[in-house]
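Undergrad: For reference, the chains in residue letters:
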Amino acid sequence: MSTEAAAPGSPHQHPSHHFRAGSHGRLRIRRTLAIFVLTFAVIVGVGAALTSVQAPTRHPACPPLQPCGVPAPTVRPLVALSVFRSAQSGFSLEYDGSLLTIAHQDGAGVTLRVQFKDGTTGAMNVQAAPGISPSAAIAARVKLLQGSISQLARDDDPADELLGAEVGLRSGSGAVFRGDLAGPQGVSQSVQIAIESATNGRRTLLATVLAPAQHVGPQSDMYALADQIINSVRWAEGTASS
Amino acid sequence: MTCPSCEQTTPEGRFCIRCGAPLADDWEGKSRTRSHFAAASHQHVAHPALISTLFPHLPRASQSGFRLALAFGLAVVAGLAALRLFPMALIAAALLLPLLVVLYLIDVDVYEGEPPWAVAFVILWGAVAGVGFGLLAIDVAPSAVDVIAHGDSQNVVQQGLLLPFAGLLVLLIGPVLLLPYHRFNDVLDGVTFGTAAAAAFGGAQAITYGVHYFGSGVRPAGAIAPWIWRLLSLGLGMPIVTMGAAAAACAALWLRYRAPARDCEALGPAGHPVVALPLAAALVMGAAVGETFLPPWGWLLWLAAFDVVVIIMLRRAIHVGLLEEALEIPIGPEIACPNCGAQTARHTFCGNCGISLQALPKTRPRRSEPVAMPASEPPA
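Chains F and D are the protein sequences, given in the same order. So in the numbering used here, spot 123 of the first sequence is number 118, and the numbers just go up one at a time. So in the numbering used here, spot 240 of the second sequence is number 280, and the numbers just go up one at a time.
Where hints are given, some of them may not hold.
Under 7 Å between C-beta atoms, here's a sample of chain D residues computed to sit facing chain F [said to hold, decoys possible]:
1. GLY105
2. ALA109
3. LEU143
4. ILE188
5. GLN245
6. PHE254
7. SER256
8. ALA328
Hints in this document: simulated from the structure, not taken from any laboratory. Don't be surprised by glycine CBs; every beta carbon is placed ideally from N, CA and C.
With the hints as extra help, turn the sequences into a complete structure.
TA: In structure tokens, the structure reads:
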């Protein structure tokens, strides 16, 4: 605010005329730091409380050396499934068309989209990875995702462990990762990526599930849908699954 | 003696108390060409010092407190990230600079004696705009399908260019609405409004954009080091660019439309709104778009370069603004300069350290003493 003097009665007269530079700041160093530390602690505390309230409860589906119990129920046991067949790669799969839509398809495979009630989306991709082993296919997929997902790291939480990775009823490799979708405005959501891959000796298929962290996990609808699709995969003719 | 720059009478000293020009024998030219930063005369005008630029009213002794607070806050953010408490670290990073701005406004008592509605208005405006642009960013952000099908999590045009550009212009509306008020006619008023609005904008936008993230648990999995780089970018690097650009744009607007007619061209072409506003927006866009193609550590370095540019640009605007705003008032009684502690006649600049007295906290008048008397507190 200006300290410039104005003529009394002038239309531009300033209502207050408190000179600056008559004193130091109100707080001084100790009070500045004390108030800052206290307020910052409150902010962190409130943040901790909010994130704790919203945090999903997660337990390992199968504790080590313990019975797993009943498998998670499928979302809708009796529905007419839609079929996708890859003309180039030869494999086919079935999916629930009332819950999933094809978002993208090309010669390598297909990407299905699921819309969650909170406005977020999940996706599942199944594609051929010719000429490489399942573990190499997973590594290649992770390398690709590292360019688009921030802070990508392997998820070692036992609650998120993949049990019996397979594609099209063939055993294979699998891994779970966590990362974040971020932009210049901030970090928008934490995502979990589950990747499974298997081969029939001539062709390798790779299945990738990506969804917000709160919508995935062994008991989640997203994983139930993904399991249904992965189990429905039929390999190219002449190399049918065993 | 007579000042060689303004040719007015000034007491003996190192600086003219009217125009701030050095009184050394070999000094020539206008006072604004001096190298001592008008708001922190112990620093060079081109020295990219963060605290003395974003918080220009702070006396030298108070700057260390804010430096310590900023360092402590950054250490807490990094510590929370190291413990994988990412959501808490994100909240702390988003609110670090807004909290410092509020503390600064309380400390220097900028608008003591008058209703705080002006500062409250620009902070609220910035926060509301930040929430709005956070929601917009969520809406245009790439989905899981984009990531998995196209290997792309970035919306370069919308998130990297359009939203930062539009965000800066919208957040500037709040300060600009205060431009017609004659009581806010210093360049530092514009800088204060721009800084406060931008800090609130950045914090609110980051919190809103992360609303889905906060549901992912207290300690979600993730790589720690990239998280630390990202938090430093979101909590310090990007807000500094936004605050500096907004404040520099406001300084140019204030100098052009609120300063006396002789001073409105002081910043040259860069002070014209047609240049100043797009330049500020371009700096914010340039800083933001780096996120779309750089790794987290690379974006932090990228932002650091933009921070230096923006800080120097803002310092120049503050410097020129303060040195142009010589008061047309009689020389007052001796006071102890809160910046250097030396006795100086009250006018526009300290005759000893050369700081602009307008860039210092106000006098809080006491019932028992007149306003213009020296403060009773001893200098630090």
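Undergrad: If a hint holds in the structure, say so; if it does not, say that too.
TA: Quick rundown of the hints versus the structure:
no.: 1; hint: GLY105; result: 4 Å, holds
no.: 2; hint: ALA109; result: 4 Å, holds
no.: 3; hint: LEU143; result: 6 Å, holds
no.: 4; hint: ILE188; result: 5 Å, holds
no.: 5; hint: GLN245; result: 5 Å, holds
no.: 6; hint: PHE254; result: 5 Å, holds
no.: 7; hint: SER256; result: 4 Å, holds
no.: 8; hint: ALA328; result: 4 Å, holds
Going through the hint list in order, the structure satisfies each hint without exception.
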